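Asks: Spelled out from the first residue to the last, the chains are:
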Amino acid sequence: MKKLLLATALTGMASAAIAEDVKMGIILGFTGPIESITPFMGQSAELAVSEINEAGGILDGQMIEAIRADSTCVDAAAAQAAAERLITSDGVTAIMGADCSGVTGAILANVAMPNGVAMISPSATSPGLSEAEDNGLFFRTAPSDARQGEVLAEVLKSRGVTDVAVTYTNNDYGKGLSDAFISAFEAMDGTITLSSPHEDGKGDYSAEIGALASAGGSALAVLGYSDQGGKGMIQAALDSGAFDSFVLGDGMYSDQLVADMGDGLDGSYGVIPWSEGEGTEAFNALAEAAGFDPASSYTRESYDAAALLALAMQAAGSTSAADYKDKITEVANAPGEQILPGELGKAIQILADGGDIDYVGATNVELIGPGEAAGTYREYNITGGGFETVQIR
Amino acid sequence: MDFLNGLVTLLNFVVIPATAYGAQLAIGALGVTLVYGILRFSNFAHGDTMAFGTMAVILVTWGLQALGVDLGPVPTALLALPFGILITVGLVLVTDRWVYRFYRVKKVPPVLLVIVSMGVMFVYNGLTRLIIGPDDQRFDDGARFLISARDFKTWSGLDEGLALRTSQAITIVTAVAVVAALFWFLNRTRTGKSMRAFSDNEDLALLSGISPERVVAITWVIVAALACVAGTLYGLDKSFKPFTYFQLLLPIFAAAIVGGLGSPLGAIAGGFVIAYSEVILTYAWKKVLVYWLPESLEPEGLVQLLSTDYKFAVSFAILVIVLLFRPTGLFRGKAL
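Protein sequence lines correspond, in order, to chains Y and Z. Under the numbering used here, the final residue of the first sequence carries the number 393; numbering is consecutive throughout. Under the numbering used here, the final residue of the second sequence carries the number 729; numbering is consecutive throughout.
Bound conformation, chain Y alone (with noise of 0.2 Å):
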């Protein structure tokens, strides 16, 4: 009988930590258009999660335990459908995503504003969310492609490139930022002598570069995708002769790119999204001994994503949104005690204490505006077949 009752007592207060329990949905295309990079996505950010448990959890002793869904990365219906699923039946009070710009302002707008879930996305960059309607509760741990666009105006501007032809890949994306591009660089007086879109998987492209060497430029601007149509655009521009200097957007930065065309490229450059510095081998460290691959892309902003929402529950001491979603930009930025990635445990000690903490973990999040993340750019050059790192802005 007294067996029988500590059992019966056992079970009760497992099931009361269990009840306790905050839950975190992961939702990212695990299937999809960019489903060879989301795992390691979602890996990352069940990597900031398993860390902050290890330490002992959050608001005294809560573990976090992640729920992925599927957001398909390109049908908004599908993914919506798997937000609602996350917030109404598995009762999570955060959202860490969604991944592309489509799916994550359709989530944002129809499941997270109306349900009051914060969700911060590692990897929608459009421009277009920065003005989306969201009661304070979006946030995202990737920069804004209005931001790229500046960029690549400053760094023309100050290589003394006046006037350039434009091509992008014709979605959400290559419109998004090629638009920021244009405005930044006219604003400098620059000159745009055509802007075209391409339209990817087609075989020849030698069209599109006849008009685009009709209208002339020193340079031809491609934001469009390595292995697409942007790879096209340049393979017809070399061909003929069209233009031989090309001004590369993130979407281009490939090793493969360079291999294929060989010396055409050399004397090209480009900017892309980068960070360094100690958060970044912090990251790489946790990443290798989880056992994958650190450098695939926008790995580091999951994590982030996932630790700053932890954090920022702790720093409000409630799992709701209501409350922590004014915490987040806090526990990014100055001033406090900065942290890095592997230091999350100490990081909620201090806000348990009452500190404040800077947290720089593997991107170096600074949140700026409507709450999204500076960013910083590698400007590099093509030389003899590689990339080489002018400076970072």
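No wet-lab data here; the hints were simulated from the structure. Remember, predicted model here, so these are calculated numbers, not experimental data. Treat each hint with caution, since some may be false.
List time: in silico DSS-like cross-link candidates among lysine-lysine, alpha-carbon distance up to 30 Å [as the list claims (entries may be wrong)]:
1. Z:Lys546 with Y:Lys157
2. Y:Lys327 with Y:Lys23
3. Z:Lys586 with Z:Lys499
4. Y:Lys175 with Z:Lys704
5. Z:Lys500 with Z:Lys586
6. Y:Lys157 with Y:Lys175
Got chain Y; can you put chain Z on it based on the hints?
Replies: Same frame as chain Y, but now just chain Z:
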């Protein structure tokens, strides 16, 4: 000097690309027109037959490269081409035996065969993707250029460059050779003549002792060879991606219909008409006109009639115009 600069620009951006593209379309359209003329249906699977043939050539090319075979400045793919043709012929003959013959024996109406060929198209489509995947494949090796834009500029002293890729030159040479061989075969050999007789009047041909199965088999062999050659040339010149071959179906059919379905000469003319129209209508003429016109007449805008996005719309428009005003095509083929 301005005149020469303008001429070189025109050659570089209009004449050379359009001629190479036209040759590729023409060989493709020849295959379509032969099936229509002799087997009497529109073969929607032609684009994917091209994709399958190209895939076979690519796989053999990789094999040859692994063995260390190369042809110096000429792409290895040319050496692999005969093997690719053999594989494609095998596939097409098996398809005929398993699929088309069933319907032929039943003498079904042509429109049924068109739908059957669509089914075949989806199967080929899947087969190609299953074997080599949906991604881009590059298989050109050897020298990329006969004349590169940079070399031409230093050699001629002109401001404008002229580029002629090896693949473009090979395309044009191969097209001429293939077309000459085909016409010789159709007009001079006994088998060719029996095929033409079969096309003109099936019953009369049967009465004069021509074996229909033999004619059908030979037609498929020629069509498969043409598809494989056209696909490989397109892949060498541009790049290989199964989906782009599916898209090629429209301009190829437009070429065959514009020239006159069933007329080999028409298919060639149609190929060049479509290719030149696509390029000329979507080219921005500003650069050439600036060289050629006196300063007072120089254009401000790009002088581009249609955005390049509308390239395929050009084939459609020509198709509609021809069907409205001359339904049998330029060379008096069969009416649709």
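Asks: If you draw a straight line from the CA of Z:Lys546 to the CA of Y:Lys157, is it 30 Å or shorter?
Replies: 29 Å, holds
Asks: Do the alpha carbons of Z:Lys500 and Z:Lys586 lie within 30 Å of each other, as the hint requires?
Replies: The hint holds at about 24 Å.
Asks: With the threshold set at 30 Å, check whether the alpha-carbon distance from Y:Lys327 to Y:Lys23 stays at or below it.
Replies: 18 Å, holds
Asks: Does Z:Lys704 lie within 30 Å of Y:Lys175 when you go C-alpha to C-alpha?
Replies: 21 Å, holds
Asks: Is Y:Lys157 close enough to Y:Lys175, meaning Cα to Cα at most 30 Å?
Replies: Given pair Y:Lys157, Y:Lys175 holds - Cα atoms ~22 Å apart, limit 30 Å.
Asks: Hint check: Z:Lys586 vs Z:Lys499, CA-CA at most 30 Å. Holds or violated?
Replies: With Cα atoms ~26 Å apart, Z:Lys586 and Z:Lys499 stay inside 30 Å; holds.
Comparing the model with each earlier hint shows no violations; every hint is respected.
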